[in-house]
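2 protein chains.
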Amino acid sequence: MRRDELVRIIDHTLVHPAATQRQVTRVCEEALEHGFGCVIVNPVHLSLAAEVLKGSPIRLGTTAGFPSGANLSEIKAREAAAAVKAGAVEIDMVGSIGALKEGSYLDFRKDVAEVVRAVGQGVVVKVIIECPYLTDEEKATAAKLVEAAGAHFVKTGTGFAGGAVPSDVEILARNVGKAMGVKAAGGIRSYRQAVELIAAGATRLGSSTSLQILAEAPSV
Amino acid sequence: MRRDELVRIIDHTLVHPAATQRQVTRVCEEALEHGFGCVIVNPVHLSLAAEVLKGSPIRLGTTAGFPSGANLSEIKAREAAAAVKAGAVEIDMVGSIGALKEGSYLDFRKDVAEVVRAVGQGVVVKVIIECPYLTDEEKATAAKLVEAAGAHFVKTGTGFAGGAVPSDVEILARNVGKAMGVKAAGGIRSYRQAVELIAAGATRLGSSTSLQILAEAPSV
Numbered sequence: 001m002r003r004d005e006l007v008r009i010i011d012h013t014l015v016h017p018a019a020t021q022r023q024v025t026r027v028c029e030e031a032l033e034h035g036f037g038c039v040i041v042n043p044v045h046l047s048l049a050a051e052v053l054k055g056s057p058i059r060l061g062t063t064a065g066f067p068s069g070a071n072l073s074e075i076k077a078r079e080a081a082a083a084v085k086a087g088a089v090e091i092d093m094v095g096s097i098g099a100l101k102e103g104s105y106l107d108f109r110k111d112v113a114e115v116v117r118a119v120g121q122g123v124v125v126k127v128i129i130e131c132p133y134l135t136d137e138e139k140a141t142a143a144k145l146v147e148a149a150g151a152h153f154v155k156t157g158t159g160f161a162g163g164a165v166p167s168d169v170e171i172l173a174r175n176v177g178k179a180m181g182v183k184a185a186g187g188i189r190s191y192r193q194a195v196e197l198i199a200a201g202a203t204r205l206g207s208s209t210s211l212q213i214l215a216e217a218p219s220v
Numbered sequence: 001m002r003r004d005e006l007v008r009i010i011d012h013t014l015v016h017p018a019a020t021q022r023q024v025t026r027v028c029e030e031a032l033e034h035g036f037g038c039v040i041v042n043p044v045h046l047s048l049a050a051e052v053l054k055g056s057p058i059r060l061g062t063t064a065g066f067p068s069g070a071n072l073s074e075i076k077a078r079e080a081a082a083a084v085k086a087g088a089v090e091i092d093m094v095g096s097i098g099a100l101k102e103g104s105y106l107d108f109r110k111d112v113a114e115v116v117r118a119v120g121q122g123v124v125v126k127v128i129i130e131c132p133y134l135t136d137e138e139k140a141t142a143a144k145l146v147e148a149a150g151a152h153f154v155k156t157g158t159g160f161a162g163g164a165v166p167s168d169v170e171i172l173a174r175n176v177g178k179a180m181g182v183k184a185a186g187g188i189r190s191y192r193q194a195v196e197l198i199a200a201g202a203t204r205l206g207s208s209t210s211l212q213i214l215a216e217a218p219s220v
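Residue numbers (the working numbering), protein chains in the order written: chain A, 1 to 220; chain B, 1 to 220.
These aren't lab readings, by the way, just hints derived from the structure by calculation. Just so you know, these numbers come straight off a predicted model, no measurement behind them. Yeah, the Cβ is synthetic: ideal placement off N, Cα and C, and Gly gets one too. Honestly, I wouldn't trust all of these hints.
Unchecked claim - A short, non-exhaustive set of chain A residues, derived as facing chain B with CB atoms under 10 Å:
#1 Val24
#2 Gly98
#3 Phe160
I would like the entire structure built from these sequences, with the hints used as guidance.
Okay, here's the thing in structure tokens:
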């Protein structure tokens, strides 16, 4: 995959708890320079990022209930709605992993649906299911529930629990319809990893070391 | 320190993202059996924990903006207020670590103050400053800001970034007044660690392996 194709499906990401405004500005400038499809920053940095990216085609995103997901749905929904107000058009929310583990599937689905409803039409919702904590069967179930709840992407993980692997991406891709996106995130640091995850079915990648991935990608 | 003294200052904790209702019930039952001073669970599990602990003297707590802290203050405050409504009398919030790192001290302090105001009188607010990400000078500054903002405890970390160490507890204790509490949390798994942290100035400990700590404590 060529660099100019790859760059468009990478979410250039900075969601470290200790991220500063200066680092956020730099990440946005890198996105402008290289043409990343999307920039993801912490909720507290959205206004700053929106200002730096203003007038560009780069999409802006943030997180909701990140990275634990064990928050009340009402709070995740409020956080997502506030993010949209601050300029976000993509929300990477964390699903209720405990609900999934205990088989409370209706709760898991309602949690996602509440965020989808709160952000309204035109905003992309990606749902992190934290694969490193799940069995393969739970991953498949989660993917189906995410789709049924009206979200747009199912996403492998936060990166805090472990890295993205092709086998997880395959499971997610196999259990959702063609219109659904599959985002791989967590520990993606090389072009080779990126290509393997895309081959497995990922339609979007999240990375904090996107420049390194790009540097390794062929330009033609 | 005797077991019956130690048990009262331990926050028996289950805040894993994948924690289930069954595990929450067990943790609450352990607290009832052993007499822990406080139980801390995820926001989504507060109602269940309140039900199990009903009628006991055990305090119930939860988190806000956990474990990233990079959320809007408004969202942390709403999460904390919702928690109090669901039965929490202790809130372990995560401070705005990025604000601290970049020197936005007023923002850091206002963020804490907004949560303190939202929960109202009688609710204990502990502020996690995530020591593993901070210099010693930043830890000292953070402790002072937490106290100035009206919170009741300054807390070493979430556990996600690294463990609690006596030297950090000493810095925090040295930089707050006698009325302020100092909570150590993260990787505390033995009686020996517990005693060292208390000797360094900790007045509260958080642990997910509290039973093991207790088992090693002398009964007389």
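Hints versus structure:
At about 8 Å, the closest approach between the beta carbon of Val24(A) and any beta carbon in chain B falls short of 10 Å, and the interface hint on this residue holds. The restraint placing Gly98(A) at the interface with chain B holds, with a minimum CB-CB distance near 5 Å, inside the 10 Å limit. For Phe160(A), the interface hint holds, since its Cβ comes within 10 Å of a Cβ in chain B; the closest pair sits about 7 Å apart.
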